[in-house]
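Participant: So the chains spell out like this:
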Amino acid sequence: AQSVAQPEDQVNVAEGNPLTVKCTYSVSGNPYLFWYVQYPNRGLQFLLKYITGDNLVKGSYGFEAEFNKSQTSFHLKKPSALVSDSALYFCAVRDIGTDKLIFGTGTRLQVFP
Amino acid sequence: GAVVSQHPSWVICKSGTSVKIECRSLDFQATTMFWYRQFPKQSLMLMATSNEGSKATYEQGVEKDKFLINHASLTLSTLTVTSAHPEDSSFYICSARGPEQGAYEQYFGPGTRLTVT
Numbered sequence: 368a369q370s371v372a373q374p375e376d377q378v379n380v381a382e383g384n385p386l387t388v389k390c391t392y393s394v395s396g397n398p399y400l401f402w403y404v405q406y407p408n409r410g411l412q413f414l415l416k417y418i419t420g421d422n423l424v425k426g427s428y429g430f431e432a433e434f435n436k437s438q439t440s441f442h443l444k445k446p447s448a449l450v451s452d453s454a455l456y457f458c459a460v461r462d463i464g465t466d467k468l469i470f471g472t473g474t475r476l477q478v479f480p
Numbered sequence: 003g004a005v006v007s008q009h010p011s012w013v014i015c016k017s018g019t020s021v022k023i024e025c026r027s028l029d030f031q032a033t034t035m036f037w038y039r040q041f042p043k044q045s046l047m048l049m050a051t052s053n054e055g056s057k058a059t060y061e062q063g064v065e066k067d068k069f070l071i072n073h074a075s076l077t078l079s080t081l082t083v084t085s086a087h088p089e090d091s092s093f094y095i096c097s098a099r100g101p102e103q104g105a106y107e108q109y110f111g112p113g114t115r116l117t118v119t
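Chains A and B supply the protein sequences, listed in that same order. Every number in the working numbering is 367 more than the matching position in the first sequence, counting from 1. Every number in the working numbering is 2 more than the matching position in the second sequence, counting from 1.
The set of hints was computed from the structure by calculation and includes no laboratory data. On a predicted model such as this, the values are computed, not experimentally measured, just so you know. Just so you know, even glycine gets a beta-carbon here, dropped at the ideal spot from N, CA and C. A portion of the hints provided could be inaccurate.
Said to hold, decoys possible - Computed Cβ-Cβ distance ranges for the label pairs, DEER-style: (1) B/Cys15 / A/Ser437: 43 to 53 Å; (2) A/Pro385 / B/Leu70: 42 to 52 Å; (3) B/Phe41 / A/Glu375: 15 to 25 Å; (4) A/Asn422 / B/Ser20: 46 to 56 Å; (5) B/Pro101 / A/Ser447: 36 to 46 Å; (6) A/Ser437 / B/His87: 43 to 53 Å; (7) A/Ser447 / B/Pro88: 37 to 47 Å; (8) A/Pro374 / B/Ile14: 34 to 44 Å; (9) B/Ser85 / A/Pro480: 46 to 56 Å; (10) B/Arg115 / A/Ser447: 31 to 41 Å.
Sequences are here, hints too, so could you generate the full structure?
Facilitator: In structure tokens, the structure reads:
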């Protein structure tokens, strides 16, 4: 079965510093991976996806993610964090067999001024 | 493009009553819609998948008689929580996907917070 794991419940970073939100995956076959962000009392906003191609995927709001097949990881990164980046971040994988999105448990990013 | 709306954004109802939540794709035809439930500080749990014109497919453990899903048109799906109880209080999120979006992306609505008193 496909799954994703987000090992950190919360990540704290100072504004202006680089940030990384970790995600590892377990799939059979080629993974279709996604990152979403959720602000309080809001739905999910799509940030970026990896289907195939370059391992470094660029997305919205200056975020990027690096697909690493050998480490089965898809970490979300940003070179310089903003206070407004504070939110809940979800990694997801598309289950090829069922065509469903399977979400990780989420990581709360807190950016301090 | 690819905007999904939900109505209402929040609702309070009394125990035993039913409440309907609407999910609309505003600028694309949503052949498939998904309904999720999110408890505080937890991830999204898929409740059901609905294809336009077909009966919804419910995930294991989700009561289909309690959570009625209708996907009667390519732009509208509804979730009705019947005989609501306080334990049904949650954040309900829909997402939609259409042929223009391909098979890879879902677009999410802003969510509906249901509180049952």
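Participant: Lying within 46 to 56 Å: is that true of the beta-carbon distance B/Ser85 to A/Pro480?
Facilitator: Given a distance of about 47 Å, which is inside 46 to 56 Å, the answer is holds.
Participant: Is the distance from the Cβ of B/Arg115 to the Cβ of A/Ser447 consistent with 31 to 41 Å?
Facilitator: This hint holds: roughly 33 Å between Cβ atoms.
Participant: Given the hint of 43 to 53 Å, is the C-beta distance from B/Cys15 to A/Ser437 inside that range or not?
Facilitator: Holds - the Cβ-Cβ distance for B/Cys15 and A/Ser437, about 51 Å, lies within 43 to 53 Å.
Participant: May I ask you to test the hint 36 to 46 Å on the CB atoms belonging to B/Pro101 and A/Ser447?
Facilitator: holds, 38 Å
Participant: Range hint 34 to 44 Å: satisfied by the CB atoms of A/Pro374 and B/Ile14?
Facilitator: holds, 37 Å
Participant: Note whether the CB distance of A/Asn422 and B/Ser20 lies within 46 to 56 Å or breaks it.
Facilitator: Roughly 49 Å apart at Cβ, these two residues keep to the hinted range, so it holds.
Participant: With respect to the beta-carbon atoms only, verify the hint that A/Ser447 and B/Pro88 lie 37 to 47 Å apart.
Facilitator: Roughly 44 Å apart at Cβ, these two residues keep to the hinted range, so it holds.
Participant: In this structure, is the beta-carbon distance linking A/Ser437 and B/His87 contained in 43 to 53 Å?
Facilitator: holds, 48 Å
Participant: Just tell me: holds or violated, for the beta carbon distance of B/Phe41 and A/Glu375 against 15 to 25 Å?
Facilitator: holds, 19 Å
Participant: So does A/Pro385 sit 42 to 52 Å from B/Leu70, Cβ to Cβ?
Facilitator: holds, 47 Å
Against the hints set out earlier in the document, no violation occurs for any number.
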